[in-house]
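**Q** Given the sequences, and given the hints that come with them, work out the whole structure.
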Amino acid sequence: MVFTKSLVTAIEMKFFENWRKLNKRAKIAVGLFILALLFLDIGVFTNGWATVKVSQPTTSAFGFNLDDYGYHSRSYTVGLSYYRSETAGDAAYYLLLIAILASVASFFFMDVHIVLLLMENRMDTVNNMLKFTIVSAFLGGIFAIIGIIIFAATFYHGDVVVNYSIFLTAIGAGVLLVGGEEAMKSRTEIQLVA
1 MVFTKSLVTA IEMKFFENWR KLNKRAKIAV GLFILALLFL DIGVFTNGWA
51 TVKVSQPTTS AFGFNLDDYG YHSRSYTVGL SYYRSETAGD AAYYLLLIAI
101 LASVASFFFM DVHIVLLLME NRMDTVNNML KFTIVSAFLG GIFAIIGIII
151 FAATFYHGDV VVNYSIFLTA IGAGVLLVGG EEAMKSRTEI QLVA
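Residues 1 to 194 (the UniProt record's numbering) make up the sequence shown, in order.
Since the hints were made in silico from the structure, they are not lab data.
All C-beta atoms, glycine included, are put in the ideal place defined by N, C-alpha and C.
Careful: at least some of the hints might be erroneous.
As the list claims (entries may be wrong) - Cross-link-like lysine-lysine pairs, in silico, DSSO-like; alpha carbons within 30 Å at most:
id	residue 1	residue 2
1	Lys24	Lys131
2	Lys27	Lys185
3	Lys185	Lys24
4	Lys131	Lys185
5	Lys27	Lys131
Stated by the list, open to error - Pair ranges (Cβ atoms, derived):
id	residue 1	residue 2	range
6	Asn128	Val161	43 to 53 Å
7	Val115	Thr46	28 to 38 Å
8	Phe167	Glu120	37 to 47 Å
9	Asp124	Asn23	12 to 22 Å
10	Asn23	Tyr94	34 to 44 Å
11	Thr51	Leu118	19 to 29 Å
12	Lys185	Asp124	17 to 27 Å
**A** Encoded structure:
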């Protein structure tokens, strides 16, 4: 029992010693991937993508028009799923889902990279994890930007106004790209040290 407790204490001390040695760019990249995932999830799955103005007939209780033209405008705030019936909305939705999965993959690969570094594993395995991290981060950011552009390209008339979710998604895509850049800089620092 005492041997096991001292072994666990020794492993914890080695872990925290290696954690302090770990370069700051890897820690920053993990934080950026979490932030990107948060922004992308909130942006894609909330109903704030657009405000749509719809003209509807206006009638009273007896069927008479209440205004001169017989129509009134009503505004609705809709999400990305509202446009899924259209081809562009469907393409944007799936591209943004791929971006979310890529941000999860980036976070996972960066975490595996850090664990391998803390366990003092071989450098080629560590570099492979960083390659996967960088590729998934850049692909996710690019897919998110393309999805936003495809979605915004459908607004050719003035009845639709973009809303806060599209901006949150754009921020998430940018943060994901910056996280990939930090992971790339972390990789070059590791190669310089090794």
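**Q** All hints are to be evaluated individually against the structure, with a verdict given for each.
**A** Hints, one by one, checked against the model:
A distance of roughly 18 Å separates the Cα atoms of Lys24 and Lys131; the hinted pair therefore holds under the 30 Å criterion. A hinted pair counts as satisfied when its Cα atoms are at most 30 Å apart, and Lys27 with Lys185 qualifies at roughly 12 Å. Straight-line distance between C-alpha atoms of Lys185 and Lys24 comes to about 10 Å, which keeps the hinted pair within the 30 Å bound. Taken as a hint, the Lys131 and Lys185 pair is honoured in the structure, with Cα atoms around 12 Å apart against an allowance of 30 Å.
Distance restraint check for Lys27 and Lys131: the Cα-Cα separation of roughly 16 Å lies within the 30 Å cut-off, and the hinted pair is therefore satisfied. The hinted window of 43 to 53 Å between Asn128 and Val161 holds, with their beta carbons roughly 46 Å apart. For the hinted restraint 28 to 38 Å between Val115 and Thr46, the CB-CB distance of approximately 33 Å keeps it satisfied. Hint check: Phe167 to Glu120, Cβ distance near 43 Å, so the stated range 37 to 47 Å holds.
Take Asp124 and Asn23: their Cβ atoms lie about 18 Å apart, and the range 12 to 22 Å holds. Look at Asn23 against Tyr94: about 36 Å separates their beta carbons, and that is inside 34 to 44 Å. Between Thr51 and Leu118 the beta carbons are some 48 Å apart, a value that contradicts the proposed interval 19 to 29 Å. Our hint of 17 to 27 Å for Lys185 and Asp124 holds, since their Cβ atoms are close to 19 Å apart.
When held up to the earlier numbered hints, the structure conflicts with hint 11 and nothing else.
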